[in-house]
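Work the whole structure out from these sequences, hints included.
Heads up: the sequence shown runs through residues 0 to 301, numbered per numbering that gives the first Met the number 0.
Hints in this document: simulated from the structure, not taken from any laboratory.
Watch out, some of these pointers could steer you wrong.
Lysine to aspartate or glutamate pairs mimicking DMTMM-like chemistry, simulated, CA-CA at most 25 Å apart [unchecked claim]:
hint: 1; residue 1: 68; residue 2: 85
hint: 2; residue 1: 182; residue 2: 260
hint: 3; residue 1: 244; residue 2: 262
hint: 4; residue 1: 127; residue 2: 76
hint: 5; residue 1: 244; residue 2: 76
hint: 6; residue 1: 182; residue 2: 229
hint: 7; residue 1: 68; residue 2: 109
hint: 8; residue 1: 244; residue 2: 213
hint: 9; residue 1: 48; residue 2: 83
hint: 10; residue 1: 300; residue 2: 125
hint: 11; residue 1: 127; residue 2: 281
hint: 12; residue 1: 244; residue 2: 109
hint: 13; residue 1: 48; residue 2: 64
hint: 14; residue 1: 68; residue 2: 159
hint: 15; residue 1: 182; residue 2: 213
hint: 16; residue 1: 75; residue 2: 117
hint: 17; residue 1: 68; residue 2: 43
hint: 18; residue 1: 68; residue 2: 229
hint: 19; residue 1: 75; residue 2: 109
hint: 20; residue 1: 127; residue 2: 99
hint: 21; residue 1: 182; residue 2: 225
hint: 22; residue 1: 75; residue 2: 229
hint: 23; residue 1: 75; residue 2: 110
hint: 24; residue 1: 127; residue 2: 94
hint: 25; residue 1: 244; residue 2: 117
hint: 26; residue 1: 127; residue 2: 110
hint: 27; residue 1: 68; residue 2: 144
hint: 28; residue 1: 300; residue 2: 117
hint: 29; residue 1: 300; residue 2: 262
Each pair of labels, with its calculated beta carbon distance range [what the hints assert, rightly or not]:
hint: 30; residue 1: 29; residue 2: 227; range: 43 to 51 Å
hint: 31; residue 1: 48; residue 2: 242; range: 20 to 28 Å
hint: 32; residue 1: 87; residue 2: 32; range: 17 to 25 Å
hint: 33; residue 1: 87; residue 2: 130; range: 20 to 28 Å
hint: 34; residue 1: 227; residue 2: 299; range: 33 to 41 Å
Glycine is no exception: its CB is placed at the ideal position from the N, C-alpha and C atoms.
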Amino acid sequence: MSRGNNPRSVIQIRLNRWSMNSGEMRTIMTRFIVGTGEHVYEIDHPFGKLSAGLSWGNPSHVATDSSGKVYVYQRKDPPILIFEGDGQLVGSWGDGQLMDAHGIFITPNDEVFVADRDAHEVIKYDIKGNALLKLGHRERPALQEPFNHPADIAVSPSGDIFVADGYANSSIHHFSSNGDHIKSWGSWGSGPGQFITPHGIWVANDRVYVCDRENNRVQIFSTIGEYITEWTGFFHPMDIFIDSKNVAYVSDQVPGMTMLDLEGNMITRIRTPFNAHGVWVDIHGNIYTSGNAELVTKYIKL
0 MSRGNNPRSV IQIRLNRWSM NSGEMRTIMT RFIVGTGEHV YEIDHPFGKL SAGLSWGNPS
60 HVATDSSGKV YVYQRKDPPI LIFEGDGQLV GSWGDGQLMD AHGIFITPND EVFVADRDAH
120 EVIKYDIKGN ALLKLGHRER PALQEPFNHP ADIAVSPSGD IFVADGYANS SIHHFSSNGD
180 HIKSWGSWGS GPGQFITPHG IWVANDRVYV CDRENNRVQI FSTIGEYITE WTGFFHPMDI
240 FIDSKNVAYV SDQVPGMTML DLEGNMITRI RTPFNAHGVW VDIHGNIYTS GNAELVTKYI
300 KL
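Structure (structure tokens):
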């Protein structure tokens, strides 16, 4: 990764009001602005207003559907919480169906894929929560085969499914849109095509991008598993999202967020005050991150 001048920026804006009763200046609102250049955002944290009787359960990942609704995948029932972009809760589903939330991916056709990590399973749902396809064998881990604590899913424009099987295996698994297993690649290690915790995955322009977390890099492959190149300069890259303008968003465990072009040149790097275990960007350029105990953060594009 070409670092350029490694820009970082955080601006804190406080709005104060004089209190006639106390004779003191009081802060009535604080805004946090992060970013540089064309990538400047206002932080909304925590994002999402829960209704009475609900509580957060370590949101692991987040995604948006074609209407802009935000799906938060958390580690308690209900595992899927659905919000409007303004944070209003409008739905939920999945009670009793999912064991250990990890990755989520929503296709342009509103197919919802989730990785149920400790169940060793990837499940495809419609947006109403009806299961359409199951991959793997529930509660039956497989060494270097699908699956052994899978971390994340990505779906190509053609509908092929790619799974980062990253917590006990060190593999990428490729399936057809019907769920037929096509190919697996990868082994434990630090060489080209090897992984230590493949944690986040994305498919774009006939390339597969994998956050090789413990090797501090993003590896890039053809869709048939041929190693092409890698981007370095990260600290435990957690997740990756590539938008329609071919900007890659890579979240670090620092925490931080790096934006790159698809040649690996850094566009900008911003500080993210909250953990970004999962990252997603909506059609308006707003960034959503999930941080487990640090809940969900929305970075509103300015």
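Taking the hints in turn, this is what the structure says about them:
Distance restraint check for residue 68 and residue 85: the Cα-Cα separation of roughly 9 Å lies within the 25 Å cut-off, and the hinted pair is therefore satisfied. Our distance criterion of 25 Å between C-alpha atoms is broken by residue 182 and residue 260, whose separation comes to about 28 Å. Restraint check for residue 244 and residue 262: the C-alpha separation of about 13 Å stays at or below 25 Å, so the hint holds. Distance hint between residue 127 and residue 76 is fulfilled; the C-alpha atoms sit about 16 Å from each other, no more than 25 Å.
The suggested pairing of residue 244 with residue 76 is violated, with an alpha-carbon distance near 36 Å, which exceeds 25 Å. Simply put, residue 182 and residue 229 have alpha-carbon atoms about 21 Å apart, close enough for the 25 Å limit, and the pair holds. A C-alpha spacing of about 11 Å is found between residue 68 and residue 109, which places the hinted pair at or below 25 Å, so the restraint holds. Between residue 244 and residue 213, the direct Cα distance comes to roughly 28 Å. Violation of the 25 Å bound is thereby established for this hinted pair.
A hinted pair counts as satisfied when its Cα atoms are at most 25 Å apart, and residue 48 with residue 83 qualifies at roughly 10 Å. For the hint linking residue 300 to residue 125, the alpha-carbon distance of about 29 Å lies beyond 25 Å, and the restraint is violated. A distance of roughly 20 Å separates the Cα atoms of residue 127 and residue 281; the hinted pair therefore holds under the 25 Å criterion. A hinted pair counts as satisfied when its Cα atoms are at most 25 Å apart, and residue 244 with residue 109 qualifies at roughly 20 Å.
A hinted pair counts as satisfied when its Cα atoms are at most 25 Å apart, and residue 48 with residue 64 qualifies at roughly 19 Å. Our distance criterion of 25 Å between C-alpha atoms is met by residue 68 and residue 159, whose separation comes to about 24 Å. Pair hint residue 182 plus residue 213 holds up; C-alpha atoms about 24 Å apart against a cutoff of 25 Å. Note on residue 75 and residue 117: the hinted pairing holds, with a Cα-Cα distance of about 13 Å set against a maximum of 25 Å.
Between the alpha carbons of residue 68 and residue 43 the distance comes to roughly 16 Å, so the proposed pair stays at or under 25 Å and holds. With a C-alpha separation of about 33 Å, the suggested pair residue 68 and residue 229 falls outside the 25 Å cut-off, and the hint is violated. Between residue 75 and residue 109 the alpha-carbon distance is near 23 Å, which keeps this suggested pair within the 25 Å criterion. Distance restraint check for residue 127 and residue 99: the Cα-Cα separation of roughly 20 Å lies within the 25 Å cut-off, and the hinted pair is therefore satisfied.
Between residue 182 and residue 225 the alpha-carbon distance is near 12 Å, which keeps this suggested pair within the 25 Å criterion. For a cut-off of 25 Å, the pair hint linking residue 75 to residue 229 is broken: about 36 Å separates their Cα positions. A hinted pair counts as satisfied when its Cα atoms are at most 25 Å apart, and residue 75 with residue 110 qualifies at roughly 22 Å. Between the alpha carbons of residue 127 and residue 94 the distance comes to roughly 13 Å, so the proposed pair stays at or under 25 Å and holds.
The straight-line distance between the Cα atoms of residue 244 and residue 117 is roughly 35 Å, outside the 25 Å bound, and the hint therefore fails. A hinted pair counts as satisfied when its Cα atoms are at most 25 Å apart, and residue 127 with residue 110 qualifies at roughly 10 Å. Between the alpha carbons of residue 68 and residue 144 the distance comes to roughly 34 Å, so the proposed pair goes past 25 Å and is violated. Between the alpha carbons of residue 300 and residue 117 the distance comes to roughly 35 Å, so the proposed pair goes past 25 Å and is violated.
As the CA atoms of residue 300 and residue 262 are separated by approximately 24 Å, the hinted pair is consistent with the 25 Å bound. A beta carbon spacing of about 44 Å between residue 29 and residue 227 agrees with the range 43 to 51 Å that was offered as a hint. The beta-carbon spacing between residue 48 and residue 242, approximately 27 Å, falls within the hinted interval of 20 to 28 Å. The given range of 17 to 25 Å is respected by residue 87 and residue 32, whose C-beta atoms sit roughly 24 Å from each other.
In this structure, residue 87 and residue 130 meet the distance hint of 20 to 28 Å, their C-beta atoms being roughly 26 Å apart. Separated by about 34 Å at the C-beta atoms, residue 227 and residue 299 satisfy the suggested range of 33 to 41 Å.
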